[in-house]
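Engineer: Since chain X is already given, all that's left is putting chain U on it; use the hints.
Protein chains: 2
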Amino acid sequence: MLVNGKQEDTIAIMNRGFQYGDGLFETIEILANQPIFLEQHLQRLNKDSQRLYLPKIDLDLLHSEIKQLCENAGDAVLKIILTRGTGGRGYRQPDEIQPTRILSLHPFPHYPKTYYSDGIVARVCKTRLGLNPDLAGMKHLNRLEQVMARAEWNDDTIQEGIMLDINKRVIEGTMTNLFYVKKGTLFTASLTLCGITGIIRSWIFQQLPVIEHDFFIDDLRDADEIFVCNSVIGIWNVRELNGVHYYSENGITQKLQLALESEKQKQVVYAIK
Amino acid sequence: MLVNGKQEDTIAIMNRGFQYGDGLFETIEILANQPIFLEQHLQRLNKDSQRLYLPKIDLDLLHSEIKQLCENAGDAVLKIILTRGTGGRGYRQPDEIQPTRILSLHPFPHYPKTYYSDGIVARVCKTRLGLNPDLAGMKHLNRLEQVMARAEWNDDTIQEGIMLDINKRVIEGTMTNLFYVKKGTLFTASLTLCGITGIIRSWIFQQLPVIEHDFFIDDLRDADEIFVCNSVIGIWNVRELNGVHYYSENGITQKLQLALESEKQKQVVYAIK
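Heads up: the sequence lines are chains X and U, in that order.
Residues in the first sequence are numbered from 59 upward in steps of one, following the working numbering.
Residues in the second sequence are numbered from 59 upward in steps of one, following the working numbering.
Here chain X stands alone, though its shape is the one from the complex (with noise of 0.2 Å):
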């Protein structure tokens, strides 16, 4: 682990990471010692430190740091937290702000492979996701919500929650974003007022039309093909949900599948060269 360039493995009480969730993360696919969407998280982790009002990011030295890191990694996740550093006890920021930077380096989780090639068994969460225009979007560290969700429950047979907001829309998964597909057309819930605008979601809308619209759980029930992604799992097709079974062979999910490992291959590549 890496706090501001030096290997750390503790943060001090004071930081306002810990003390209010006062910060932002990413998580990044590792791949044969290349990081994927790279650009696209530190995009998003740039922008997004905008909105926390955080101090410009220094992404030169952001990178020069991600690259030390990732050398050796193999296949592994690099998360990286930014914070607004430490600061009295207090809501009020320090007129001084020296931000906190960390990245860690994890084991990449192998999940079995089915989940992958035939999908996974999905279940509706109970807690719900609150509804605030100004923190949406954001991979912010307030993450209580999905914190409890996923505590919802523990029969491994079940490999993710879905989550809907207090109105009971539909969202997103506890750590994935969600599509589906009806009649050749892909839909996902627009994340105006809660959830995360994910890398692979931004990625698939450069792919195909999306519809961002509101939509409830009675909507999936006749969808053709329900899928969650996020940045480490890639794209994974949903085979049950609420005792429905979804299967569509040669679909638009396994046609974003193939392109996702497509993408990644070329980014690997041509890192290489």
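Certain hints may be false.
What the hints assert, rightly or not - Below 30 Å or equal to it, Euclidean Cα-Cα: the simulated DSBU-like pairs (lysine-lysine) are:
no.: 1; chain 1: X; residue 1: K197; chain 2: U; residue 2: K105
no.: 2; chain 1: X; residue 1: K197; chain 2: U; residue 2: K184
no.: 3; chain 1: U; residue 1: K197; chain 2: X; residue 2: K105
no.: 4; chain 1: U; residue 1: K105; chain 2: U; residue 2: K197
no.: 5; chain 1: X; residue 1: K322; chain 2: X; residue 2: K197
no.: 6; chain 1: U; residue 1: K64; chain 2: X; residue 2: K64
no.: 7; chain 1: X; residue 1: K114; chain 2: X; residue 2: K137
FYI, nobody ran anything at the bench for these hints, they're computed from the structure.
Structural biologist: Chain U alone, transformed into the frame defined by chain X:
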């Protein structure tokens, strides 16, 4: 500072309090070495830790650590943080949770006496409170909304910012609960969808009948009195909000201020006996 009973001023980066804001806190006034409203604070911590499915708190241990820390503290602020401990990457909590318990002493913030005697100037914040009944009321570590609201002003003539929810209902201050008086009746916001149920707020409910209801900034225009409260400042009259001046000699605010001072003195004297 005491981290699980040991003198430390750092915590592990992998602590879930830092990774996700997965925890709670309490802010307690220490007056002449005595923690004020200690039982009420610990009861709230205990109740909220059950809502977050945290392991049962060892209250005897917590009591003895607080006693140790406050022995020579004089007038100070004690902050207690309780988190779900350390865990791997991912929202899922570990099978065995070893919570982290942090006690820290801070200097008592000596605000100008006029804040107490004459009142303060407040403003209305742009940052809104999101709605989520699952988390409402708790003093949890997800506090980005308060941080963003407090970052809206730097003008030291303004002492508190009033926060509305996303439906424009008045809820509370960035660091306080808010009450108002109209024709002899005391009102405050219901905190079932957002907000923190403060200890002084609960104490006020025991002193006088309070009507919890939905209200808007316009409803404050013809209020007779407005005040804000928390465990450190006690009760401050709001003498100016949105250009409107409020003052009421021998009003409900002043009566509650005197009753609160008397209650605190009683607790100090009782503890010394």
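Engineer: Against which earlier hints does the structure fall short, listed by number upward?
Structural biologist: No numbers; nothing is violated.
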